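Number of protein chains: 2
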Amino acid sequence: MQSFEIDKSDLLRFEKALDGNDAELESLLKEYHASEIALLFEKLPQEAKERIINILPTDVASEVIAEMHEEQDPGELLIGLHPEKRSEIIEELDYDDATDIISQLDEDEQQEILEDLDQEDADSIRALLKYDEDTAGGLMDSEIVKVNINLDKKDALDEIVRQSEEMEDFYTIYVVDDGDILQGILSVKSILKAKADAHVRDLVNTDFVYVKADLDQEDVASLISQYNLASIPVVDDNMKLLGRVTVDDIMDVMEQESTEDILKISGVSEDEELSGNWKDAVKSRLPWLIINLGTAYLAASIIRQFDGTVERFPIIAAYMTIIAGMGGNAATQALAVTVRRISLSDLTDKQAYNTVIKEFLVGLLNGAANGIIVLIIAYFYDANLKLGLVLFLAMTGNLIVAGLTGASIPLVLKRVGIDPAVASSIIITTFTDCAGFLLPLWFATKLL
Amino acid sequence: MQSFEIDKSDLLRFEKALDGNDAELESLLKEYHASEIALLFEKLPQEAKERIINILPTDVASEVIAEMHEEQDPGELLIGLHPEKRSEIIEELDYDDATDIISQLDEDEQQEILEDLDQEDADSIRALLKYDEDTAGGLMDSEIVKVNINLDKKDALDEIVRQSEEMEDFYTIYVVDDGDILQGILSVKSILKAKADAHVRDLVNTDFVYVKADLDQEDVASLISQYNLASIPVVDDNMKLLGRVTVDDIMDVMEQESTEDILKISGVSEDEELSGNWKDAVKSRLPWLIINLGTAYLAASIIRQFDGTVERFPIIAAYMTIIAGMGGNAATQALAVTVRRISLSDLTDKQAYNTVIKEFLVGLLNGAANGIIVLIIAYFYDANLKLGLVLFLAMTGNLIVAGLTGASIPLVLKRVGIDPAVASSIIITTFTDCAGFLLPLWFATKLL
Numbered sequence: 001m002q003s004f005e006i007d008k009s010d011l012l013r014f015e016k017a018l019d020g021n022d023a024e025l026e027s028l029l030k031e032y033h034a035s036e037i038a039l040l041f042e043k044l045p046q047e048a049k050e051r052i053i054n055i056l057p058t059d060v061a062s063e064v065i066a067e068m069h070e071e072q073d074p075g076e077l078l079i080g081l082h083p084e085k086r087s088e089i090i091e092e093l094d095y096d097d098a099t100d101i102i103s104q105l106d107e108d109e110q111q112e113i114l115e116d117l118d119q120e121d122a123d124s125i126r127a128l129l130k131y132d133e134d135t136a137g138g139l140m141d142s143e144i145v146k147v148n149i150n151l152d153k154k155d156a157l158d159e160i161v162r163q164s165e166e167m168e169d170f171y172t173i174y175v176v177d178d179g180d181i182l183q184g185i186l187s188v189k190s191i192l193k194a195k196a197d198a199h200v201r202d203l204v205n206t207d208f209v210y211v212k213a214d215l216d217q218e219d220v221a222s223l224i225s226q227y228n229l230a231s232i233p234v235v236d237d238n239m240k241l242l243g244r245v246t247v248d249d250i251m252d253v254m255e256q257e258s259t260e261d262i263l264k265i266s267g268v269s270e271d272e273e274l275s276g277n278w279k280d281a282v283k284s285r286l287p288w289l290i291i292n293l294g295t296a297y298l299a300a301s302i303i304r305q306f307d308g309t310v311e312r313f314p315i316i317a318a319y320m321t322i323i324a325g326m327g328g329n330a331a332t333q334a335l336a337v338t339v340r341r342i343s344l345s346d347l348t349d350k351q352a353y354n355t356v357i358k359e360f361l362v363g364l365l366n367g368a369a370n371g372i373i374v375l376i377i378a379y380f381y382d383a384n385l386k387l388g389l390v391l392f393l394a395m396t397g398n399l400i401v402a403g404l405t406g407a408s409i410p411l412v413l414k415r416v417g418i419d420p421a422v423a424s425s426i427i428i429t430t431f432t433d434c435a436g437f438l439l440p441l442w443f444a445t446k447l448l
Numbered sequence: 001m002q003s004f005e006i007d008k009s010d011l012l013r014f015e016k017a018l019d020g021n022d023a024e025l026e027s028l029l030k031e032y033h034a035s036e037i038a039l040l041f042e043k044l045p046q047e048a049k050e051r052i053i054n055i056l057p058t059d060v061a062s063e064v065i066a067e068m069h070e071e072q073d074p075g076e077l078l079i080g081l082h083p084e085k086r087s088e089i090i091e092e093l094d095y096d097d098a099t100d101i102i103s104q105l106d107e108d109e110q111q112e113i114l115e116d117l118d119q120e121d122a123d124s125i126r127a128l129l130k131y132d133e134d135t136a137g138g139l140m141d142s143e144i145v146k147v148n149i150n151l152d153k154k155d156a157l158d159e160i161v162r163q164s165e166e167m168e169d170f171y172t173i174y175v176v177d178d179g180d181i182l183q184g185i186l187s188v189k190s191i192l193k194a195k196a197d198a199h200v201r202d203l204v205n206t207d208f209v210y211v212k213a214d215l216d217q218e219d220v221a222s223l224i225s226q227y228n229l230a231s232i233p234v235v236d237d238n239m240k241l242l243g244r245v246t247v248d249d250i251m252d253v254m255e256q257e258s259t260e261d262i263l264k265i266s267g268v269s270e271d272e273e274l275s276g277n278w279k280d281a282v283k284s285r286l287p288w289l290i291i292n293l294g295t296a297y298l299a300a301s302i303i304r305q306f307d308g309t310v311e312r313f314p315i316i317a318a319y320m321t322i323i324a325g326m327g328g329n330a331a332t333q334a335l336a337v338t339v340r341r342i343s344l345s346d347l348t349d350k351q352a353y354n355t356v357i358k359e360f361l362v363g364l365l366n367g368a369a370n371g372i373i374v375l376i377i378a379y380f381y382d383a384n385l386k387l388g389l390v391l392f393l394a395m396t397g398n399l400i401v402a403g404l405t406g407a408s409i410p411l412v413l414k415r416v417g418i419d420p421a422v423a424s425s426i427i428i429t430t431f432t433d434c435a436g437f438l439l440p441l442w443f444a445t446k447l448l
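Sequences listed follow chains X and S, in order. By full-length UniProt numbering, the letter at position 340 of the first sequence is numbered 340, and the numbering carries on one by one without gaps. By full-length UniProt numbering, the letter at position 406 of the second sequence is numbered 406, and the numbering carries on one by one without gaps.
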């Protein structure tokens with residue numbers, strides 16, 4: 001199987017099968033992997049999704065539900081199902097996935113679902129629901145393979161086989177003491193290789209990385225990525241083992257964090273859903289645009305201070321839009337590089353200082369290069385060398401402002417504990433707009 | 001161990017230890033994980049790095065080298081070492097990591113390193129060097145655990161234990177026939193659970209996902225993420241098993257692709273290194289700025305077409321900068337959401353159409369909202385309702401242009417096979433700048 005995209009022909013086949021009987025649909029579904037069906041669901045109406053879920057075997061149905069994007073509202077789909085089918089599906093889900101889906105629903109709907117479940121499953125999910133979904137506790141799965149440190153090889157292997165029956169896959173075996181306190185990890189390799197009379201105690205690796213349940217998901221992702229882990233154990237304040245976060249959950253976190261960075265830099269609220277509707281988009285973006293309107297008035301008010309200059313040299317009005325616009329783009333460049341760099345690793349004071357110096361130099365050089373072009377055009381086209389000089393100085397000056405603000409504002413925000421990505425281009429371009437109007441007008445007033 | 005950041009106190013301790021003797025440095029190094037030492041290397045000079053690598057045990061030294069970012073030039077560090085130490089370190093590395101590092105060096109340096117290695121290691125690395133580093137073949141590791149489909153449980157387990165001796169960790173056991181043709185995968189769980197007389201043939205799972213060696217790394221990442229895999233097998237055109245790509249390599253790819261998206265949207269060349277020097281930054285950004293300068297002249301030339309209008313109503317000159325600027329920011333918002341959405345999943349024609357309609361609506365509404373604010377200000381501050389009406393129409397019109405271009409240009413680029421992220425804000429804002437000048441001037445000419 002190598003197909004991993006749902007194309008139009010797949011969709012057409014499904015639309016046709018949905019018009020037919022269940023047997024037809026069932027045989028078509030057999031050709032698709034659960035994650036492919038989840039992709040397909042993005043393009044099907046609610047009733048078709050419910051019908052497919054009801055036809056699918058429970059284990060596949062639960063995998064489809066787990067694979068659906070949060071935005072596709074898998075909870076809504078569950079609520080629409082017959083309570084019995086629904087409980088079967090939820091009991092098949094990993095607890096962390098079940099919790100994520102259920103946490104999206106209203107309190108009432110949550111109660112309704114939980115009441116129908118086995119006591120044990122309901123309790124596990126209730127315990128997970130209390131963690132913030134953006135923390136290790138919210139991401140973790142409580143189904144793990146763990147063995148007591150006092151077991152011998154044979155008992156440990158039996159235990160591992162028994163516990164893994166219910167799991168899709170496991171990467172690491174956790175070793176705990178009688179009080180469930182995490183003692184270390186055990187690799188499959190080391191227990192397979194061990195002599196028959198070996199004990200877990202002799203095989204356990206006590207040098208391991210773990211996280212507390214309340215650690216932010218972004219930090220969990222850094223750790224997993226930094227130490228190249230397939231999973232990481234989650235403990236409470238007493239080192240009691242609560243669960244594990246696996247790398248597949250972390251990949252989702254990384255994607256989400258990168259999306260937030262891109263959106264915030266571009267002046268979009270970080271929780272706008274990419275495929276959300278126009279109402280949400282307006283709500284997410286209008287506040288930023290109104291802030292921008294305020295700053296634009298601020299910049300425009302500078303122009304009014306130089307009414308005399310504009311009247312004497314109306315050509316400046318056209319040129320200053322060029323200088324302001326170039327500053328905005330240069331600032332966005334410096335901002336993107338700096339924000340992304342901060343978000344991948346922390347900078348020392350020295351590195352931060354060097355970054356600002358670098359962006360100053362880049363602004364100076366790019367400013368001078370573009371300034372010379374503008375000067376030449378003014379000289380040949382407007383036949384005005386003095387005007388060219390004014391524009392050269394203003395361009396260079398504004399691109400220096402762009403480099404300095406684009407680099408230093410996110411760095412300062414990071415230092416004072418504010419997310420550097422909120423230094424969106426909307427904020428930074430306020431500076432380059434103001435300087436982009438002020439510099440050419442001021443130089444023109446002095447030099448022309 | 002939960003520390004995962006290198007802070008100033010760590011750096012100070014190292015700087016102090018580096019002034020002392022080797023024994024002192026050695027005992028300090030014992031407190032740090034290889035990935036922490038790699039982080040620390042970002043802040044140390046070349047000679048300190050070489051000294052530390054020489055002091056570290058070979059297995060830790062090789063892990064540090066593997067963990068160093070490409071930008072930190074681990075190859076340069078290897079070249080500086082004594083050939084014997086260097087060969088020891090490389091032989092300890094996974095082949096894929098060794099290949100990545102060696103591929104960064106000159107042809108001559110590559111030869112020098114490879115000649116000193118064991119014949120087998122050198123051959124394996126030479127084979128990997130021929131794959132493009134951005135493909136499955138370039139990412140893959142050839143050290144895998146594979147068993148013949150004809151083995152029984154005991155022989156298979158022996159084989160697994162034997163092969164895993166040399167590996168750090170394995171997630172999946174690959175099953176091949178006598179010709180090394182991939183037949184399926186075997187989970188540790190299923191072989192542990194199997195009866196003593198079971199054969200691999202009975203346990204193998206033949207429904208698996210694989211990739212061809214020349215598949216682009218971005219597609220490998222989508223597959224691994226979509227199917228929640230810890231690793232994926234890589235095969236040649238005849239289904240012969242070549243190696244596997246593991247999820248930790250994929251996390252690096254995802255980070256890199258997100259960085260490229262952010263940079264490209266912001267008008268920075270995708271291969272600018274985040275911590276590169278000012279020369280590289282100028283080279284990466286200046287071409288975009290010069291393109292922007294050209295488009296800015298285009299927009300400014302529009303202003304010159306309406307010289308009469310500007311002369312009659314000089315106030316328009318200030319207002320049109322506001323309208324153009326607002327359009328630029330609204331376009332950046334629409335662009336960021338659309339580019340990110342395309343980069344996470346392909347859109348059907350219907351979804352693409354809906355996206356454009358959505359952004360049209362968002363532009364209309366945000367434009368009208370901001371237009372009303374501008375209208376009110378013009379009415380009360382400039383005492384000119386007609387001017388307010390001109391500005392209202394121009395603002396609404398330009399934010400519609402912003403939404404339409406921000407959404408449709410990346411979608412069209414994707415359709416014709418061009419990376420949608422090159423529709424950077426520099427390109428998109430050309431439209432909003434032109435419309436931002438044209439609309440208020442044209443409406444003013446007609447209505448005032």
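Treat the hints loosely; a few may be bogus.
Pairs involving identical chains hold if they fit within one copy or between any two copies, as the list cannot separate such chains.
To be verified - In silico PhoX-like pairs for lysine-lysine, Cα to Cα no more than 20 Å straight-line:
| hint | residue 1 | residue 2 |
| --- | --- | --- |
| 1 | LYS43 | LYS30 |
| 2 | LYS283 | LYS386 |
| 3 | LYS154 | LYS193 |
| 4 | LYS8 | LYS43 |
| 5 | LYS16 | LYS414 |
| 6 | LYS16 | LYS350 |
| 7 | LYS240 | LYS30 |
| 8 | LYS195 | LYS414 |
| 9 | LYS16 | LYS30 |
| 10 | LYS195 | LYS154 |
| 11 | LYS8 | LYS130 |
| 12 | LYS85 | LYS350 |
| 13 | LYS283 | LYS189 |
| 14 | LYS8 | LYS212 |
| 15 | LYS8 | LYS414 |
| 16 | LYS153 | LYS283 |
| 17 | LYS43 | LYS189 |
Hints are computed from structural coordinates only; laboratory data are not their basis. Since the model is a prediction, treat every value here as computed from it, not as a measurement.
Homomeric proximity label, LYS195 with LYS414: Cα distance no greater than 20 Å = Classified as neither; 53 Å inside a copy, 58 Å across copies.
Go through the copies and call it for LYS8 and LYS212: within, between, both or neither, with a Cα cutoff of 20 Å.
-> Result: close neither inside a copy nor across copies, 45 Å intra and 24 Å inter.
Between copies, within a copy, both or neither: which fits LYS195 and LYS154 at Cα up to 20 Å?
-> both (10 Å within a copy, 15 Å between copies)
Since the copies are identical, ignore which copy is meant and state whether LYS16 and LYS414 lie within 20 Å (CA to CA) inside a copy, between copies, both or neither.
-> neither (54 Å within a copy, 28 Å between copies)
For LYS154 vs LYS193, is the C-alpha pair at or below 20 Å within one copy, between two copies, both, or neither?
-> Answer is both; intra-copy 12 Å and inter-copy 13 Å each pass.
Homo-oligomer pair classification [LYS189, LYS283; C-alpha up to 20 Å] | neither (53 Å within a copy, 49 Å between copies)
When no copy is specified for LYS16 and LYS350, does a C-alpha distance of 20 Å or less occur within a copy, between copies, both, or neither?
-> between (63 Å within a copy, 18 Å between copies)
Have a look at LYS8 and LYS414 and pick one of within, between, both or neither, based on CA distance no larger than 20 Å.
-> between (45 Å within a copy, 16 Å between copies)
At most 20 Å between C-alpha atoms: does LYS240 with LYS30 qualify within a copy, between copies, both, or neither?
-> Close neither inside one copy (42 Å) nor across copies (27 Å); limit 20 Å.
Under a CA distance limit of 20 Å, which applies to LYS8 and LYS130: within one copy, between copies, both, or neither?
-> Close neither inside one copy (42 Å) nor across copies (36 Å); limit 20 Å.
Please work out whether the CA atoms of LYS85 and LYS350 approach to 20 Å or closer within one copy, between two copies, in both situations, or in neither?
-> neither (60 Å within a copy, 32 Å between copies)
Status of LYS189 relative to LYS43 across identical chains (alpha carbons, at most 20 Å) | neither (44 Å within a copy, 36 Å between copies)
The structure shown violates the earlier hints numbered 2, 5, 7, 8, 11, 12, 13, 14, 16, 17.
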